[in-house]
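> Sequence:
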Amino acid sequence: MRGKNLFYLIILSLVLFSGCIKHNQPAGIDRHNDEAEIIVLLNRMIDAFTTRIITEHEDIWWKSDSLKVFGAVKGAEFHNWTEFRNHLLSTVSSMSSVSFTVECIEVQVLTPGQSAHFMMIVNQRFFTVGKEVNLNHLRYSGALKKINGKWKITAFHGSLPSEPFIKKD
1 MRGKNLFYLI ILSLVLFSGC IKHNQPAGID RHNDEAEIIV LLNRMIDAFT TRIITEHEDI
61 WWKSDSLKVF GAVKGAEFHN WTEFRNHLLS TVSSMSSVSF TVECIEVQVL TPGQSAHFMM
121 IVNQRFFTVG KEVNLNHLRY SGALKKINGK WKITAFHGSL PSEPFIKKD
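Reminder that position 77 of the sequence shown reads as 77 in the numbering used here, one-by-one numbering, no gaps.
It cannot be assumed that every hint is accurate.
Within a straight-line C-alpha distance of at most 25 Å, the following computed DSS-like cross-link-like pairs (lysine-lysine) qualify [claimed, not checked]: (1) 152 with 63; (2) 63 with 150; (3) 131 with 68; (4) 131 with 146; (5) 145 with 63; (6) 63 with 146; (7) 152 with 68; (8) 131 with 74; (9) 68 with 146; (10) 145 with 68.
I should point out that these hints are in silico values taken from the structure, not numbers from a laboratory. Owing to the predicted nature of the structure, the values given are computational and were not obtained by experimental measurement.
The task is simple: from the sequences and hints, build the whole structure.
Now the structure itself:
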C-alpha cells in the first residue's frame, strides 16, 4: 500500500509540475491535429460518462475483444467491448445527477496518425441511493489508436486517490 501511495504521489507531482493541459511534441513534428482530435474525443468521453447515454460511448471506445478497461473499484476489470458496455448499462440506473470537472489533460502522440496516450485528473459528483458522492482528483489514463481514420480508446485505467481526497456527503 505504501508503494502505491508513493507511485500516485510521484505521478501527481509530475502532472502538477508539468503545467497541465500540456501537449508533448518533439521539435520538428506537427502533431497538433492529432492532439486536437484526441482532446475532442476525451471531452466526448467525459460527456458520455456524464449523460449516462450508452450510445454516446459507441464511437469513443474500440469495440473489440482487445479493449482493456480497468476501473477505480475492486473487480472493475473488463477485457472486451461487450463486458465494458454491459458494465456501463448496469450503472445507468444506480447513479443520477452526474457531473465532472476536468482539472488536467495531458496528451502525447507517440506515432503521428497512429498511436497516443493520455492522462487526466477529474472530479466527479453524483447521487446514488439518496447519497451525494464527490470523488476528487480521479486519475484516468489510457492508450489510443487511430482506427479507420478515427481515434479510439483501446485501453483505459481509472484510479481513486487516497482517502483525504474522497468526500462522501
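> Does each hint hold? Answer for all of them.
Hints, one by one, checked against the model:
| no. | hint | result |
| --- | --- | --- |
| 1 | 152 with 63 | holds, 9 Å |
| 2 | 63 with 150 | holds, 13 Å |
| 3 | 131 with 68 | violated, 30 Å |
| 4 | 131 with 146 | violated, 40 Å |
| 5 | 145 with 63 | holds, 12 Å |
| 6 | 63 with 146 | holds, 13 Å |
| 7 | 152 with 68 | holds, 12 Å |
| 8 | 131 with 74 | holds, 20 Å |
| 9 | 68 with 146 | holds, 16 Å |
| 10 | 145 with 68 | holds, 13 Å |
Hint check: violations occur at hints 3 and 4; the rest are consistent with the structure.
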